[in-house]
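Position one of the sequence shown corresponds to residue 1 (full-length UniProt numbering), numbered consecutively onward.
Bear in mind the hints are in silico, worked out from the structure with no lab data behind them. Don't take every hint at face value.
Taking lysine-lysine and the DSSO-like style, the derived pairs with C-alpha atoms no more than 30 Å apart in a straight line are [claimed, not checked]:
| id | residue 1 | residue 2 |
| --- | --- | --- |
| 1 | Lys3 | Lys28 |
| 2 | Lys185 | Lys222 |
| 3 | Lys218 | Lys132 |
| 4 | Lys216 | Lys132 |
| 5 | Lys72 | Lys28 |
| 6 | Lys28 | Lys132 |
| 7 | Lys216 | Lys227 |
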Amino acid sequence: MLKFILRRIIMMIPQLFLLSVLVFLLAKAMPGDALTGQLAGNPKMDAQTLEEMKEKLGLNDPIHIQYVRWIKNLLHGDLGMSYTHQQPVNDLLAGRMWNTILLSAAILILTYMIAIPLGIISGRWTDSWADKLIVGYSYVSFATPLFIFALIMLFIFGFKLGWFPTGGSVDIQVEKGTFDYYVSKLNHLLLPALSGALINTVGTIQYLRSEIIDTKLKDFVKTARAKGVPESSIYWRHILRNSFLPIAAFLGYEITGLIGGSIFLESIFSYPGIGQLFLQSILQRDYSVVTALVMISGLATLIGTLLSDIILSAVDPRIRIE
Numbered sequence: 001m002l003k004f005i006l007r008r009i010i011m012m013i014p015q016l017f018l019l020s021v022l023v024f025l026l027a028k029a030m031p032g033d034a035l036t037g038q039l040a041g042n043p044k045m046d047a048q049t050l051e052e053m054k055e056k057l058g059l060n061d062p063i064h065i066q067y068v069r070w071i072k073n074l075l076h077g078d079l080g081m082s083y084t085h086q087q088p089v090n091d092l093l094a095g096r097m098w099n100t101i102l103l104s105a106a107i108l109i110l111t112y113m114i115a116i117p118l119g120i121i122s123g124r125w126t127d128s129w130a131d132k133l134i135v136g137y138s139y140v141s142f143a144t145p146l147f148i149f150a151l152i153m154l155f156i157f158g159f160k161l162g163w164f165p166t167g168g169s170v171d172i173q174v175e176k177g178t179f180d181y182y183v184s185k186l187n188h189l190l191l192p193a194l195s196g197a198l199i200n201t202v203g204t205i206q207y208l209r210s211e212i213i214d215t216k217l218k219d220f221v222k223t224a225r226a227k228g229v230p231e232s233s234i235y236w237r238h239i240l241r242n243s244f245l246p247i248a249a250f251l252g253y254e255i256t257g258l259i260g261g262s263i264f265l266e267s268i269f270s271y272p273g274i275g276q277l278f279l280q281s282i283l284q285r286d287y288s289v290v291t292a293l294v295m296i297s298g299l300a301t302l303i304g305t306l307l308s309d310i311i312l313s314a315v316d317p318r319i320r321i322e
C-alpha cells in the first residue's frame, strides 16, 4: 500500500506540470490581460499609461519568461497579485477557501445521509411502491439542472417562505466566535448545501441500488441462504458490504466534483466562496486568480483520485495494489 501511494504521488508531479503549462497558455490566449479588466472602465486611463504599467509588471515579456516567473512564484507559495481586488491572491483565497470547503463537506454529508438509506431501500425491496418512488425521484433529479433547482429552492424557501437567508455566509451584525455567529453560519449554509445534496444523490442511489440487486444474485449469497443464515445477516454482512465498494471508490471523485458544482451554488446563493470568486475573476479578467483556482482544482482532482484508490483498497483487501 505504501509503495502504491508513493508511486501515485510521484506520478502527480508531471501531471501538475502539464496542467500548469496548459492553464498558463490558455490564460494568455484569452482576450485582454490582467489590467484590461481593471482599467477598461476607467476613462482617465490612456493607452500610454496602460502600456507603462504592463511593462512594469512584466506583461510584455516573452511568454516563456512569464511562465518561468509564474511557476517559480507558485513553487514558493506565491499565487500572485489580484489586480482587481488589489491584494495578494493568497489573502484573497484565505477567507473564501474555508467557506467552499465547509459547503462541500455539508453537501457530501447530506448527500450520503439521504442517498444511502434510499439506495438500500430501493435495492432491497425492488419493484415495491417505495422503490418506484425512489427511482422516480432519481429520474427527476437527474433531469433537473443544478442551477434551475437551486433557483427554485432559493425562490421558495428564501424569498417566499423566508426560512433561510438569501445570500452571504453569515449575518454581519453578529460577533465572530460567538454562539450566534455559528448559528448564523449554519443557517446560511443549509439551503445551498441541501440544494446541492438533493441533486447529487442520484448517482449514489443508482449505484447502490444496482449493486444490491446484482449482489443478491451472486453464488455466495445463495450459499448463505442455503445454510440457513438469517436474511438480515445476509444483507448486512454479505450484500451491503460488497455493494458499498463502488460508493467508496467514487468518494474521491465526489469530493472533486463538488468544487465544480460550487460555482453555480455560490453564484446563485451569493455565497462567498472560491466558486463565486472564480466566475467573477473570469468576467473581470483577473487571470492571476483564475490560474490559481484552476491549479488548486487540478490538485484537488488528483488528490481525490488518489483518495478513491486508497479507500477502495482499504475496504476490500483482495484488490489492494502493491
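Hint check:
no.	hint	verdict
1	Lys3 x Lys28	violated, 38 Å
2	Lys185 x Lys222	violated, 50 Å
3	Lys218 x Lys132	holds, 24 Å
4	Lys216 x Lys132	holds, 19 Å
5	Lys72 x Lys28	holds, 17 Å
6	Lys28 x Lys132	violated, 51 Å
7	Lys216 x Lys227	holds, 15 Å
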